[in-house]
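A.B. asks: Based on the provided sequences and hints, a complete structural model is requested.
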Amino acid sequence: MGGGHILIGRGTGGGAKEARLDLRYANRHGLIAGATGTGKTVTLQSLAEGFSDAGVPVFLADVKGDLSGLSQPGKPHPKLEARAKELGLALSYRGVPTLYWDLLGDQGHPIRTTVSEMGPVLLARLLNLNDTQAGVLTVAFRAADDNGLLLLDLKDLRALLAFVADNAGELSTRYGNVTKASVGAIQRQLLELESQGGDRFFGEPSLELADIMRTTSDGRGYVSVLAADKLMNSAPKLYATFLLWLLAELFEELPEMGDVEKPRLVFVFDEAHLLFDDAPAALVDQVERVVRLIRSKGVGVYFVTQNPLDLPETVLGQLGNRVQHALRAFTPRDQKAVRAAAETFRPNPAIDTGKAITELAVGEALVSTLDAQGTPTPVERVLVRPPEARLGPATAEERAAMLRASPLAGRYDQAIDRESAHELLTRKVQAPPPFPEPRGGDPLPPAGSDPGQGPGSPWGGLGGAVWGSNRPSPPAANQPGAGPTASGRRWPSPSPARSAAAWASAWARSWCAACWGPCSGDGESRRFRIRKIPAPVPDSFEFASPLS
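Going by this note's numbering, the letters in the sequence shown line up with residues 1 to 548, in that order.
Take these hints with a grain of salt, some might be off.
Said to hold, decoys possible - Straight-line distance between alpha carbons at most 20 Å, and here's what the computed SDA-like set of lysine to any residue pairs gives: (1) Lys-336 x Thr-314; (2) Lys-75 x Tyr-93; (3) Lys-155 x Leu-104.
Everything labelled a hint here was simulated from the structure, so no lab data went into it.
C.D. replies: The following block contains the structure:
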């Protein structure tokens, strides 16, 4: 695996050639395709070992649970030994440097990102929103930006959606139509995502890209293995959306590098059809653009799928290195896939590509890569090189030992919940209403005075009767209990209950004055005309119809 290339496999018989992947063109992306059980996973593992030995970090998803054995040395097996002998290779069984990751945090270091980093476009796809709902979600993100609200986890997003629903009218005027029905639909999808464990993916500390691009002290690249077997069963769309997000983050964060001697990272999409199932055209265009441009940042993207037709033509056309395992032509669609796969290879006069695709044995493949000039090589039929790490999963004990010895141990284990949109909006809702100054009429009574009495009170005597502030006048100075008087005796201070009643009276009247204007005399209020009824029933009121 030296000399700036990775050995994929060798042909058999006289004049057979080797199939090699030139590291200078490994960032021109690639495809590993083939029916179930034809050897795609073994090919992927062999390539991952080759990249690691060349000092190239790899990020791949373990959708079946059998790639976790990369960290452990393989064991001699008759079939492996026979294949190595047939290819003239000597196997030295050893594992590769491995980092385990898990979006759910059960089988590896937790991977998190914030809601803001995910963005409304990918989040709308994750929540399976229609165009109208996606537009409302975009409005919510814009409102959060304009109001300085951090969106870190799903609690923040729920609080933001409640804010949007409560202020739908104002937001509609500013950003476009927002309906409570659309907000409710988004909230229901959030509940479904949480039930699938998606709430553990959103939060802090978020993933640092440098941690999936690490190398060992002896120059080997770490292979980051994402545990996706449980995720594929419970939340396949979360798996696909995460990979799209990570690819977009790499594109945005990494600097331009131009042509490089080897990639700085190889990124593998397994079960690639999940990325494009029901994907809107705008998202497909975005993926195609990222795949086309990210090579200049030193990242190679490799898709693993059963059928080449699972990928859009615009993406398929960007893949310069191809490994095609057997396809079964049992249906018209299968036959179309065989023809399409055969036509993507540079012809080799010695091989009937269309026929060979249906005849390939397990562990055998058609391979075409980019040569030293960057042009596709003629297709070759080869036996794939066997891997040296374990073929099969690591045990729970082996995985736990690797996590304890990981250079990232403890860095992502504990979630951080700092102040963000949820806390700010909750505090705003729970805050008591302000104590407003009247917009007309008398000022608030001074502290210690009886707000329901006196000629300045807009309620007259009625205020005391209603609000509980009609208490008897203090006794004369010469009566027992009067005070303060010259004799030194004191009038008892009002009870706590009466003080509370007095405060309530002032608070209610201030709100009345603030909302409706002065209510005394024959004055006109903002909403009601209020007039006194002549004696003999003083201090009573009759409310006319609004604005009549």
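A.B. asks: Are the hints correct? Go through all of them and say.
C.D. replies: Each hint tested on the structure:
Between Lys-336 and Thr-314 the CA atoms are separated by roughly 18 Å; this keeps the pair inside 20 Å, and the hint holds. In summary, the hint linking Lys-75 to Tyr-93 is supported, as the alpha carbons are separated by about 7 Å, within the 20 Å threshold. Simply put, Lys-155 and Leu-104 have alpha-carbon atoms about 17 Å apart, close enough for the 20 Å limit, and the pair holds.
In summary, this structure violates none of the numbered hints.
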